[in-house]
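For the record, the sequence lines run as chains V, L and X.
Residue 53 is where the first sequence starts when you use the numbering used here, and the numbers rise one by one after that.
Residue 70 is where the second sequence starts when you use the numbering used here, and the numbers rise one by one after that.
Residue 3 is where the third sequence starts when you use the numbering used here, and the numbers rise one by one after that.
Don't take every hint at face value.
[As the list claims (entries may be wrong)] Residues of chain L clear of chain X, computed beta-carbon distances all greater than 10 Å:
id : residue
1  : Q86
2  : V142
3  : G144
4  : K188
5  : D194
[What the hints assert, rightly or not] With a cut-off of at most 30 Å between alpha-carbon atoms, the simulated DSSO-like pairs for lysine-lysine come out as follows:
id : chain 1 : residue 1 : chain 2 : residue 2
6  : L       : K85       : L       : K161
7  : L       : K188      : L       : K85
8  : V       : K132      : L       : K85
9  : L       : K161      : L       : K188
10 : V       : K132      : L       : K188
In case anyone wonders, no lab produced these hints; they're calculated from the structure.
Everything numeric in this text was worked out from a predicted model, so none of it was measured.
Ideal Cβ positions, reconstructed from N, Cα and C, are used throughout, including at glycine.
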Amino acid sequence: MELFIMGAIMMASLTAATFFLRFWRETGDRLFAIFSLAFALLAVTRLGLALSREHTEGDTSWYWVRLVAFLLILAAIVDKNRR
Amino acid sequence: MEPPTLVTNDFPYELKQFLALHIESLAQLETLLVFQRDPERQWIAHELARELYITADMCRGICADLVNRRLIVPGDSLDRYRYAPADPSVDKLVGQLAQFYRERRVAVITAIYSGPVNKVQTFADAFRLRGEE
Amino acid sequence: MPGGVFILCAATCLLCAIMLFRGYARTHVRLLFWSGLCFVGLMVDNLMLYADLFVTTDVLVIWRKLPGFVALVLLNFGLIWESK
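Excised from the complex, chain V in its bound form:
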């Protein structure tokens, strides 16, 4: 059941990443490219966790990837306001 939910979260993250990719193509706004990457990384986190048999990031090093994902989002916001 756990793996199922993690798989679902991963798919949802990937779908979101794909939408953001499309939005980037539509508007040319860099924010969407960064968001897309961030959500893709979150998807990768879930995949990694599922494969490593650990189910909580606190126990593994995957939380660094999660951090990078959210730092990217922060960077996107900062970037948006710099222009």
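Starting from the known structure of chain V, arrange chains L and X on it as the hints suggest.
Frame of chain V, contents of chains L and X only:
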């Protein structure tokens, strides 16, 4: 009278959205603003048409549409209309629009014909700390 | 330090949620509403991971994953439903 907005380059989001939602043509905007200028007055369609330099039929069509959008209401007799926005916030918005149109005519006309508000761009714009674009 | 990581992530989510809800209040574009909810859920998800480290709970893993799951479902709903 509100202070002029010439000092900034901002086109207020609320106005842009109002235009996207309710105004389909320049003639329609001009019609609405004629009503707004004189809220107590009841206009007869063909009189209004003369004022705006459009045909009476076109004027009636616009007025019918404005009634549907709850911006004006029919008056005491056939073909008469009166300014009556659905609620005070709409009235305020139209007032702001009138003012803005006086100062930034071309910007408003461009906005009318540039299509609906882009939701995707709105998402990105939400992350601006400063506010409207 | 993992704990700090999750707090930072949660703070980022909160910031995003606030900006999106503020944008929604101003523009009434529903996509922003669903996205805002998503980031609230992601914030809770991060806070729960933080809590996991310092509070050993017996809460079923499924329930712990629920906020993140719901958050992304809402985001997907918003993206699919609201984009042209």
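Hint by hint, here is what the structure shows:
no., hint, verdict
1, Q86, "violated (6 Å)"
2, V142, "holds (25 Å)"
3, G144, "holds (31 Å)"
4, K188, "violated (5 Å)"
5, D194, "violated (7 Å)"
6, K85/L <-> K161/L, "holds (14 Å)"
7, K188/L <-> K85/L, "holds (13 Å)"
8, K132/V <-> K85/L, "holds (21 Å)"
9, K161/L <-> K188/L, "holds (24 Å)"
10, K132/V <-> K188/L, "holds (17 Å)"
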